[in-house]
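Residue numbers for the sequence shown follow the working numbering, beginning at 1 and rising by one.
Simulated from the structure, these hints should not be mistaken for laboratory data.
One thing to keep in mind: the hints can contain errors.
As the list claims (entries may be wrong) - The list that follows gives simulated cross-link-like pairs (lysine-lysine, PhoX-like), each with its CA atoms no further than 25 Å apart:
hint	residue 1	residue 2
1	K157	K3
2	K28	K157
3	K157	K21
As the list claims (entries may be wrong) - Computed spacing ranges between beta-carbons, pair by pair:
hint	residue 1	residue 2	range
4	L42	S108	28 to 34 Å
5	Y143	G120	15 to 21 Å
6	A16	T71	20 to 26 Å
7	Q10	D137	33 to 39 Å
8	T156	Y64	30 to 36 Å
9	A63	L90	21 to 27 Å
10	P161	S15	17 to 23 Å
11	T156	G107	27 to 33 Å
Remember, predicted model here, so these are calculated numbers, not experimental data.
Even for Gly, the Cβ is constructed at its ideal location relative to N, Cα and C.
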Amino acid sequence: MAKTPEYRIQIDSLSAEETRKLGEIIGKGISTGLFVAMTGELGSGKTVFVQGLAAGLDVPGDAYVTSPTYTLINEYPARIRLVHCDLYRLDPDSDFEDIGIRELFTGSEVVAVEWAERLGNDLPSDRLEARFEIVNDDVRRIYLTAYGQLPTDLLTKTIQPAVPAESNRGKRKKHRG
């Protein structure tokens, strides 16, 4: 039986920098291991979001955070170790236990998985889901959904206060200056 989401928020990001900053805010708010399941088409902002997570988790500034499309997994030392996975090249019917993906779900690190929908029933029940949509060339709509107490606390205590109310409804206007 699938777990019911406990909290949801929608954010319109007007730039890659805003998407990165959102990830950084979340990273700064994380105090223990967390599973982040990311979905969205190519170019929707998943890797940029992870770059922000890395900054918020205090990954050293000289670490080059990139998508592990060909390596499958990149690991970064940080305040809480960051494990970044990209399942794009894997068949959705892959046996993730044979690959060793499940071994990463110990709860002591932040595991950020791009193309997490390929995990199907192997997704941890407690997780933060981040779904990225391309609205147009400039705007990305990001839906954050918390499953479990830790992700819910993270969103309600760190993200909700940091995001303008208009953005939560997807009505924030692009600023011209």
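Unsatisfied constraints (hint numbers, rising): 7, 11
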